[in-house]
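Please take these sequences and the hints and turn them into a complete structure.
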Amino acid sequence: MPELPEVETIVRGLRSRVLNCHITTAKLLRPDILKSLGHTAEDFTRFLRGRHFQEIERRGKYIVFTLNHGGRMIAHLGMTGKFVLSRQSQPQPDHLCSVYHFERGLRLDHVDVRRFGQLAIYQPGEAIPELEKLGADPISTQFSAESLQGLVRGKNDDKPRRRAIHTLLLDQTIISGVGNIYASEALHRAGIRPDTIAGSLGISDLQRLAAELQNVMTEAIKQGGTTVNDYRTIDDKPGLFLEYLRVYERKDQPCRACGTEIVRLRLGGRSAYYCPKCQPKIDNELSR
DNA sequence: CTTGTGCCCTGCCAGC
DNA sequence: TGCTGGCAGGGCACAA
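Take the first sequence: its letters are residues 62 to 349, numbered as in the numbering used here.
Don't take each hint at face value.
[To be verified] Straight-line C-alpha distance at most 27 Å; calculated DSS-like pairs for lysine-lysine:
1) Lys-312 to Lys-283
2) Lys-220 to Lys-194
3) Lys-88 to Lys-298
4) Lys-298 to Lys-283
5) Lys-194 to Lys-96
6) Lys-342 to Lys-312
7) Lys-342 to Lys-220
8) Lys-338 to Lys-312
Keep in mind the hints are simulated off the structure, nothing from the lab.
In structure tokens:
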């Protein structure tokens, strides 16, 4: 599942390979993934054909492609989405959702087995509602323990958020780019149990959490992300951070720090992994 | 406003 | 061997 480090890796790859390349044509093979209202597969082709990507950026887990006429396309890879560079002469892969043809036979395949991903196109100057909803970016220089404290406290300080910290980290409107892998990993590094009530965390906990979120994301980007199942770089290579995971998908295996067996917890329908020794239970009561 | 639940979709795998 | 049911999960609509 592409999270912040995986999407960042993909964006860097795309930038180095398809930026400013003339798009001879583009096709949408799965019109159901196009979420911008009232647009058809023909609109999609018309929007891209004859233009080029002038800018490619990451916002949370979204990829934002800015075309030379100022229009923008956003892509979300969901669970199983990937962009893979190919050649015109190569056969069409299974589960191809959209495809981009460039000059000199270069082709970009957008493959998504489960089709949880989405595409949307926006005219020049048009607002992009998906991006406006996004919360703080954990690897931005603006991100700090203080901003994290504001987020766990919610809109008014009287009502600190009572959700589990793991669930809060996954909420893209609060913090953008964190998924299940890095939520579990950052909490382990910070020594915080995933089911801790977010609003009960003190400033020293939040300082460690903010720092470890940045650390784990930065380290994962250096390894090209984490390949658990489907994720691949645009050169169809796996991300190598899997080797460095401390708790994610390691139920019953020894903690890499202390040897205690990793526990899997169900939180809001998602799996959270933690080490009972490195992440001890803290007092959850919101007294005061 | 808050938080929780079920749905979308397909591949995989345990169990029979 | 081959079928089946359950599971995985990001984001969204909807409920309370």
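Point to revise | Restraint check for Lys-338 with Lys-312, where alpha carbons must lie at most 27 Å apart | key: Between Lys-338 and Lys-312 the Cα gap is close to 14 Å, so the pair holds against 27 Å.
Quick one, are Lys-88 and Lys-298 close enough, alpha carbons at most 27 Å? Measuring from Cα to Cα gives roughly 24 Å; hence the hint holds.
#### Entry: Lys-194 paired with Lys-96 [C-alpha distance capped at 27 Å]
With Cα atoms ~16 Å apart, Lys-194 and Lys-96 stay inside 27 Å; holds.
27 Å limit on alpha-carbon distance, applied to hinted pair Lys-312 and Lys-283 = With a Cα-Cα distance of about 26 Å, the restraint between Lys-312 and Lys-283 holds, given a limit of 27 Å.
| said: With the threshold set at 27 Å, check whether the alpha-carbon distance from Lys-220 to Lys-194 stays at or below it. | reply: holds (21 Å)
Fill in: Satisfaction of hint between Lys-220 and Lys-342, Cα-Cα up to 27 Å
With a Cα-Cα distance of about 22 Å, the restraint between Lys-342 and Lys-220 holds, given a limit of 27 Å.
Against the 27 Å threshold, does the CA-CA distance of Lys-298 and Lys-283 hold or violate the hint? At roughly 14 Å apart (the allowed maximum being 27 Å), Lys-283 and Lys-298 satisfy the hint.
Legend entry - Given hint Lys-312 paired with Lys-342 - CA-CA distance at most 27 Å: Distance of about 18 Å is within 27 Å: holds.
Violation of the numbered hints given earlier is absent; every hint is satisfied by the structure.
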